[in-house]
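Trainee: Each chain is listed here by its residues.
Protein chains: 2
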Amino acid sequence: MTIPTVQGFKFSAADGAIKAPGRNDCALIVSETPAHCAGVFTRNKVIAAPLIVSKPRIAAGQCQAVLINSGNANACTGEAGLEVARNSSATLAAALGIDDSLVAVASTGVIGVPLPLERLNGAIPTLCQGLAAENATAVAEAIMTTDSFSKTSCRTIEVGGKSCQVLAIAKGAGMIHPNMATMLGFVMTDAAVVPELLQPLLTKAVDDSFNSITVDGDTSTNDMVLVLANGAAGNTPIESGSRDADLLARAVEEVLLDLAKMIVRDGEGATKLVQIELCGANSDVEAKIAARSVATSSLVKTAFFGEDANWGRIIAAVGYSGVDVDPNKIDIFFDDVQVVSQGLTTGAQQEAVATEVLKKPEFRVTVDLHLGQGRAHYYTSDLTYDYVKINADYRT
Amino acid sequence: MTIPTVQGFKFSAADGAIKAPGRNDCALIVSETPAHCAGVFTRNKVIAAPLIVSKPRIAAGQCQAVLINSGNANACTGEAGLEVARNSSATLAAALGIDDSLVAVASTGVIGVPLPLERLNGAIPTLCQGLAAENATAVAEAIMTTDSFSKTSCRTIEVGGKSCQVLAIAKGAGMIHPNMATMLGFVMTDAAVVPELLQPLLTKAVDDSFNSITVDGDTSTNDMVLVLANGAAGNTPIESGSRDADLLARAVEEVLLDLAKMIVRDGEGATKLVQIELCGANSDVEAKIAARSVATSSLVKTAFFGEDANWGRIIAAVGYSGVDVDPNKIDIFFDDVQVVSQGLTTGAQQEAVATEVLKKPEFRVTVDLHLGQGRAHYYTSDLTYDYVKINADYRT
Numbered sequence: 129m130t131i132p133t134v135q136g137f138k139f140s141a142a143d144g145a146i147k148a149p150g151r152n153d154c155a156l157i158v159s160e161t162p163a164h165c166a167g168v169f170t171r172n173k174v175i176a177a178p179l180i181v182s183k184p185r186i187a188a189g190q191c192q193a194v195l196i197n198s199g200n201a202n203a204c205t206g207e208a209g210l211e212v213a214r215n216s217s218a219t220l221a222a223a224l225g226i227d228d229s230l231v232a233v234a235s236t237g238v239i240g241v242p243l244p245l246e247r248l249n250g251a252i253p254t255l256c257q258g259l260a261a262e263n264a265t266a267v268a269e270a271i272m273t274t275d276s277f278s279k280t281s282c283r284t285i286e287v288g289g290k291s292c293q294v295l296a297i298a299k300g301a302g303m304i305h306p307n308m309a310t311m312l313g314f315v316m317t318d319a320a321v322v323p324e325l326l327q328p329l330l331t332k333a334v335d336d337s338f339n340s341i342t343v344d345g346d347t348s349t350n351d352m353v354l355v356l357a358n359g360a361a362g363n364t365p366i367e368s369g370s371r372d373a374d375l376l377a378r379a380v381e382e383v384l385l386d387l388a389k390m391i392v393r394d395g396e397g398a399t400k401l402v403q404i405e406l407c408g409a410n411s412d413v414e415a416k417i418a419a420r421s422v423a424t425s426s427l428v429k430t431a432f433f434g435e436d437a438n439w440g441r442i443i444a445a446v447g448y449s450g451v452d453v454d455p456n457k458i459d460i461f462f463d464d465v466q467v468v469s470q471g472l473t474t475g476a477q478q479e480a481v482a483t484e485v486l487k488k489p490e491f492r493v494t495v496d497l498h499l500g501q502g503r504a505h506y507y508t509s510d511l512t513y514d515y516v517k518i519n520a521d522y523r524t
Numbered sequence: 129m130t131i132p133t134v135q136g137f138k139f140s141a142a143d144g145a146i147k148a149p150g151r152n153d154c155a156l157i158v159s160e161t162p163a164h165c166a167g168v169f170t171r172n173k174v175i176a177a178p179l180i181v182s183k184p185r186i187a188a189g190q191c192q193a194v195l196i197n198s199g200n201a202n203a204c205t206g207e208a209g210l211e212v213a214r215n216s217s218a219t220l221a222a223a224l225g226i227d228d229s230l231v232a233v234a235s236t237g238v239i240g241v242p243l244p245l246e247r248l249n250g251a252i253p254t255l256c257q258g259l260a261a262e263n264a265t266a267v268a269e270a271i272m273t274t275d276s277f278s279k280t281s282c283r284t285i286e287v288g289g290k291s292c293q294v295l296a297i298a299k300g301a302g303m304i305h306p307n308m309a310t311m312l313g314f315v316m317t318d319a320a321v322v323p324e325l326l327q328p329l330l331t332k333a334v335d336d337s338f339n340s341i342t343v344d345g346d347t348s349t350n351d352m353v354l355v356l357a358n359g360a361a362g363n364t365p366i367e368s369g370s371r372d373a374d375l376l377a378r379a380v381e382e383v384l385l386d387l388a389k390m391i392v393r394d395g396e397g398a399t400k401l402v403q404i405e406l407c408g409a410n411s412d413v414e415a416k417i418a419a420r421s422v423a424t425s426s427l428v429k430t431a432f433f434g435e436d437a438n439w440g441r442i443i444a445a446v447g448y449s450g451v452d453v454d455p456n457k458i459d460i461f462f463d464d465v466q467v468v469s470q471g472l473t474t475g476a477q478q479e480a481v482a483t484e485v486l487k488k489p490e491f492r493v494t495v496d497l498h499l500g501q502g503r504a505h506y507y508t509s510d511l512t513y514d515y516v517k518i519n520a521d522y523r524t
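Just so you know, the sequences run in chain order A and B.
Under my numbering, the final residue of the first sequence carries the number 524; numbering is consecutive throughout.
Under my numbering, the final residue of the second sequence carries the number 524; numbering is consecutive throughout.
FYI, nobody ran anything at the bench for these hints, they're computed from the structure.
Certain hints may be false.
It does not matter which identical chain is meant; a pair holds if it fits inside one copy or across any two.
Stated by the list, open to error - Only pairs whose alpha carbons sit at most 35 Å apart, straight line, appear in this in silico DSBU-like list of lysine-lysine:
no., residue 1, residue 2
1, Lys147, Lys487
2, Lys147, Lys290
3, Lys389, Lys147
4, Lys332, Lys457
5, Lys389, Lys173
6, Lys183, Lys173
7, Lys290, Lys183
8, Lys173, Lys487
9, Lys173, Lys138
10, Lys488, Lys173
11, Lys488, Lys147
12, Lys389, Lys183
13, Lys487, Lys183
14, Lys487, Lys138
15, Lys457, Lys147
16, Lys290, Lys487
17, Lys183, Lys457
18, Lys173, Lys332
19, Lys138, Lys183
20, Lys457, Lys173
21, Lys290, Lys173
22, Lys488, Lys183
23, Lys488, Lys457
24, Lys290, Lys488
25, Lys332, Lys138
Throw the hints in and build the complete structure from the sequences for me.
Mentor: Here it is as structure tokens:
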């Protein structure tokens, strides 16, 4: 895929020797002018140093540069770790000639090991020299940890006769390594927006994408998604509630959903991408809870791997999710093949047809509770031998 | 282990051809006189027919006979399934010459397949003829499904000069098959008790045992634990709040904890039994939530399998559990080897010593949050290749 340039944004990557040498492990995103910004951060109560430094800066509403390293999460590193995050950000700000408060920092990698400040700072001159509009792919590659492929997605929207780009970069392999495979996401757009537009837009887009995927239900100390809008496209700033705001929101939702699906597909050992559609719940919130219960059940996920249309495990996962359920009303489908009607099997023949659906690399499981209008979706993968192998052997 | 007889209780097992023929799959427990009773039932909102029939009867406080079948859960079987549970219980009551309301029924096995009434009823004459005080082991064997060994435990207590037996029988392989491996538990004692003693005693004992174990966090539609006390030992009935009540409570807690540990050890593919000790939480409830988060994390459990002292995964699981945490106060130990002090690593040397602890088949992980007095424990197993293999291949 050719990645379009986004006006006013430049990118670069460098080898800071934080990982084994020979691979880029530092990356930089810079906007020519301060961009409006918004962020979504991990809900884990153990929060890595770069998030502690960056959260209040993003909340202040403006950002011009993002410094990212892979190979070390700078998490559980105490006061020394905070100093590394603060000092590297100040070093970058000085090199770029901008205010320190306009720099965000992000890290991903091993937990509990000191991040060497001199290596991170040592990479900054190379990063600044290498900045170019075409280098987004190099950033996507440098921030990979356990990812088996780099992840980018883009959309173009028309706003008041101006063409605006929306480019997103992410890393993550299904959050299956909280000490190595943090989810990071960065959305850059040259659209001009009113400042208050971005936070609700990003929060909703993340809920429908990164917060609707699971490989194993673990949540890292370092998860972070940022959006930067620098207005370089020259459109009249997009107002909240306008048609253009809807256009931008849809574009951001689409690029983040693209990336979220890539992350599920890249879940180590995963062989299947499964969409859990939960409808007929009493509310959207209850639908999400029930969908998540199905999507995170080890038994359901091993049945997907075994290509077994084992609806008993799905109905049990809905039942113990805690949401309101009437077992005698539940319908379950694999793609369009109904295997459960009003809580009872539709018979061995239908189940045999459903087994064919499970042989596909991508399919949908629909659970209809027939209680109300609440609905939600969740993306998940199967649980495989390789998942256990990779995660058991990881540090040895 | 020789199982002592419990005065006034008889047991039997029979082959009802509900599973493949040639193995006992029906069992009966009978007290000579109506026993005081209490029960704890699944919290899954999808509840199997035998539980719907038995719950109100146990709640009424008296039980004289328990009819159990394996091979079929009689769950998600609709009105027809309820009729099978009611009819088989009436048939047994008639054969024993007791009131229908004194019979409890329990089932375990495949979900969603009709349970053949004629086979269950066909086994009842054999079950009644075979009743004997020495047959408890036959019951423990007949109720097995994916269990690789039968599970019984017993204690003797002295009450007012009388010797009272407490015998417990369970089946379950870590709840790793909700459509096959329901957890069932039955406690029989000949101690005389006041009726109101049993329910709070059982609820607490189950919380500290069966509700403190996990293999994969799934909860079945059929889980049930009953206690029956028939008073045949002839002691003065044990009053609530008395020293004898404490003695009985401790005996019930011990037999159920024995069985719970056997269930974790029998988790398919499990090679390790790990006790998660969570202390220093703001409350016992928060301690339990955090302990459960660690015990159910796929990443933590695969690290146990890989014998990797990966405390980053443990600290992350505590962090996302939702309870109050100050990362800078957390201590973590593998047995007595400290690997984390105030949120920071104690160094590579300590971690190497901890790795030796992880090579043992049984060890303890202690997480001290240093916030309050709340504490809880949880028993878990490792997540292995064999777990995936057994669960993926199960119905094929």
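Trainee: Indicate, hint by hint, whether the structure satisfies it.
Mentor: Hint check results:
1. Proximity of lysine 147 and lysine 487 under a CA criterion of 35 Å is satisfied inter-copy only: 29 Å between copies versus 38 Å inside one chain copy.
2. Taking the shortest Cα distances, lysine 147 and lysine 290 never come within 35 Å of each other, neither inside one copy (42 Å) nor across copies (70 Å).
3. For a Cα distance limit of 35 Å, the shortest separation of lysine 389 from lysine 147 inside one copy, 27 Å, qualifies, whereas the shortest one across copies, 42 Å, does not.
4. Proximity of lysine 332 and lysine 457 under a CA criterion of 35 Å is satisfied in both settings, with 30 Å inside one chain copy and 34 Å between copies.
5. In this homomeric assembly, lysine 389 and lysine 173 come within 35 Å of each other (Cα to Cα) both inside a single copy, at 26 Å, and across copies, at 31 Å.
6. For a Cα distance limit of 35 Å, the shortest separation of lysine 183 from lysine 173 inside one copy, 14 Å, qualifies, whereas the shortest one across copies, 40 Å, does not.
7. Taking identical chains as interchangeable, the C-alpha atoms of lysine 290 and lysine 183 lie at most 35 Å apart only when both belong to the same chain, with a minimum of 32 Å there against 68 Å between chains.
8. Taking the closest pair of Cα atoms, lysine 173 and lysine 487 come within 35 Å of each other only across two copies (30 Å); inside a single copy the shortest separation is 39 Å, beyond that limit.
9. In this assembly of identical chains, the alpha carbons of lysine 173 and lysine 138 lie at most 35 Å apart only when taken from the same copy (33 Å versus 54 Å across copies).
10. In the homo-oligomer, the alpha carbons of lysine 488 and lysine 173 lie at most 35 Å apart only across protomers (31 Å), although the nearest pairing inside one protomer, at 38 Å, exceeds that limit.
11. In this homomeric assembly, lysine 488 and lysine 147 come within 35 Å of each other (Cα to Cα) only across copies, at 32 Å, whereas the closest approach inside a single copy is 37 Å.
12. With identical chains, the CA atoms of lysine 389 and lysine 183 are at most 35 Å apart within one copy only, with a shortest distance of 26 Å there and 44 Å across copies.
13. Proximity of lysine 487 and lysine 183 under a CA criterion of 35 Å is satisfied in neither setting, with 44 Å inside one chain copy and 41 Å between copies.
14. For a Cα distance limit of 35 Å, the shortest separation of lysine 487 from lysine 138 qualifies neither inside one copy, at 43 Å, nor across copies, at 50 Å.
15. For the identical chains of this complex, lysine 457 and lysine 147 are inter-copy neighbours only, at 29 Å across copies versus 54 Å inside a copy, given an alpha-carbon limit of 35 Å.
16. Proximity of lysine 290 and lysine 487 under a CA criterion of 35 Å is satisfied in neither setting, with 45 Å inside one chain copy and 63 Å between copies.
17. Taking CA atoms no more than 35 Å apart as the test, lysine 183 paired with lysine 457 passes between copies only; the shortest distance there is 22 Å, against 45 Å inside one copy.
18. Taking the shortest alpha-carbon separations for lysine 173 and lysine 332, both the intra-copy value of 22 Å and the inter-copy value of 30 Å come in at or below 35 Å.
19. Proximity of lysine 138 and lysine 183 under a CA criterion of 35 Å is satisfied intra-copy only: 22 Å inside one chain copy versus 67 Å between copies.
20. Taking identical chains as interchangeable, the C-alpha atoms of lysine 457 and lysine 173 lie at most 35 Å apart only when they sit on different chains, with a minimum of 12 Å there against 39 Å within one chain.
21. With identical chains, the CA atoms of lysine 290 and lysine 173 are never at most 35 Å apart, being 42 Å at best within one copy and 54 Å at best between copies.
22. Proximity of lysine 488 and lysine 183 under a CA criterion of 35 Å is satisfied in neither setting, with 41 Å inside one chain copy and 42 Å between copies.
23. For a Cα distance limit of 35 Å, the shortest separation of lysine 488 from lysine 457 inside one copy, 28 Å, qualifies, whereas the shortest one across copies, 48 Å, does not.
24. Taking the shortest alpha-carbon separations for lysine 290 and lysine 488, neither the intra-copy value of 42 Å nor the inter-copy value of 66 Å comes in at or below 35 Å.
25. In the homo-oligomer, the alpha carbons of lysine 332 and lysine 138 lie at most 35 Å apart inside one protomer (27 Å), although the nearest pairing across protomers, at 62 Å, exceeds that limit.
Taken one by one, the earlier hints fail for this structure at numbers 2, 13, 14, 16, 21, 22 and 24, listed in ascending order.
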